[in-house]
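Novice: Sequence:
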Amino acid sequence: MDEAVLIAAWSNEESQPFSGWDFGHLRRRYSEEKPPWSYEDLAREALRGGRAAVDLGTGGGEVLARLADTFPGRMVATEAYPPNWAVARDRLAPAGASVVAYAADETSSVLPFRDAAFDAVLDRHEAYDAGEVARVLAPGGVFLTQQVDGRSHADLLGWFGTEPHWPDVTVERLAADLVRAGLGIELARSWWGTISFFDVGALVYYLKAIPWEIADFSVDRFRPELLGLQRRLEETGALHFDEGRFVIRARKPR
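Residue numbering for the sequence shown follows the working numbering, starting at 1 and increasing by one per position.
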């Protein structure tokens, strides 16, 4: 394909809107292998029988909304990004969940909740402070988190001249942090798989949607790298990159 046509198509992808955590625009243009566990099944188990629960960093509420049939009497979600907050509020309100604007910080943020407020704390791909999680959990309460391994996409990032920003985000380190905070580990499991893109425009859209991966990403800035990926795509039929996930379930002693 003509280079100018490719650049124009990629620039169009760069300008497409993105909200919540909805990659529907890329349907059939990318795929992600799934870990051998089901986060949603584990979350349903964590929510059952509780009186109150919180979901940290709910995004647009897409995942939490699918758990509505197991919501306890009080279901709260937090979200830091203002556009996502509005999306999550509108999605979760019909199910009776409230959304609190809250900016997470792995090292210092104080959760805006009282001590022992929740029987379950859920966290899917959101930074958290282990001490704060322990504080807001009621005795016997459970914390469930699924995280992206901080070493994910090293091969993708290397193509653009950078490297993983959080290589210490691993199942071993986060489990140890929770133990230091006084929780007992019930489950700690990691997995590595592949994310695949079937056209370079899909990768452009993906990188614009997750700006923390490559700072100041743009088609203009990385035109040579994108053209190189186009050549690679034409040779291999798809662009494959490594990514890791891990899950931890921890419980506060009674």
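Be a bit skeptical, because a hint or two may be false.
[Unchecked claim] Computed list of lysine to aspartate or glutamate pairs in DMTMM-like fashion (alpha-carbon distance at most 25 Å, straight line):
no., residue 1, residue 2
1, Lys34, Asp199
2, Lys34, Glu126
3, Lys34, Glu45
4, Lys208, Glu172
5, Lys208, Asp168
6, Lys208, Asp2
7, Lys208, Glu163
8, Lys34, Glu62
9, Lys208, Glu45
10, Lys34, Glu243
11, Lys34, Asp155
12, Lys208, Asp69
13, Lys34, Asp69
14, Lys208, Glu186
15, Lys34, Glu163
16, Lys34, Asp220
17, Lys208, Asp177
18, Lys208, Glu62
19, Lys208, Asp220
20, Lys208, Glu132
21, Lys208, Asp41
Please keep in mind that the hints were generated in silico from the structure rather than gathered at the bench.
Novice: So, for every hint listed, does it hold in this structure?
Specialist: Evaluation of the provided hints:
Distance check on the hinted pair: Lys34 and Asp199 sit about 21 Å apart at the alpha-carbon level, within 25 Å; holds. A threshold of 25 Å between alpha carbons decides the hint, and for Lys34 with Glu126 the separation of about 18 Å falls inside it, so the pair holds. For the hint pairing Lys34 with Glu45, the CA-to-CA distance comes to about 19 Å; that is within 25 Å, so the pair holds. Taken as a hint, the Lys208 and Glu172 pair is broken in the structure, with Cα atoms around 30 Å apart against an allowance of 25 Å.
Taking the CA atoms of Lys208 and Asp168, the gap is about 24 Å. The hint holds against a cut of 25 Å. Between Lys208 and Asp2 the CA atoms are separated by roughly 23 Å; this keeps the pair inside 25 Å, and the hint holds. Among the hinted pairs, Lys208 with Glu163 is consistent with the structure: their alpha-carbon atoms are about 17 Å apart, no more than 25 Å. Our distance criterion of 25 Å between C-alpha atoms is met by Lys34 and Glu62, whose separation comes to about 17 Å.
Between Lys208 and Glu45 the CA atoms are separated by roughly 34 Å; this puts the pair beyond 25 Å, and the hint is violated. The hinted pair formed by Lys34 and Glu243 meets the criterion: a straight-line CA distance of about 10 Å does not exceed 25 Å. Simply put, Lys34 and Asp155 have alpha-carbon atoms about 19 Å apart, close enough for the 25 Å limit, and the pair holds. Restraint check: the Cα-Cα separation between Lys208 and Asp69 comes to about 33 Å, which exceeds 25 Å; the hinted pair is violated.
For a cut-off of 25 Å, the pair hint linking Lys34 to Asp69 stands: about 23 Å separates their Cα positions. Between the alpha carbons of Lys208 and Glu186 the distance comes to roughly 36 Å, so the proposed pair goes past 25 Å and is violated. Taking the CA atoms of Lys34 and Glu163, the gap is near 23 Å; set against the 25 Å cutoff, the hint holds. At roughly 33 Å between alpha-carbon atoms, Lys34 and Asp220 are farther apart than 25 Å, so this suggested pair is violated.
For a cut-off of 25 Å, the pair hint linking Lys208 to Asp177 is broken: about 32 Å separates their Cα positions. Restraint check for Lys208 and Glu62: satisfied, since their Cα atoms lie roughly 20 Å apart, inside the 25 Å limit. Between Lys208 and Asp220 the alpha-carbon distance is near 13 Å, which keeps this suggested pair within the 25 Å criterion. For the suggested pair Lys208 and Glu132, the alpha carbons sit about 31 Å apart, so the restraint of at most 25 Å is broken.
Using a Cα cut-off of 25 Å, the hinted pair Lys208 and Asp41 is violated, with the two alpha carbons roughly 30 Å apart.
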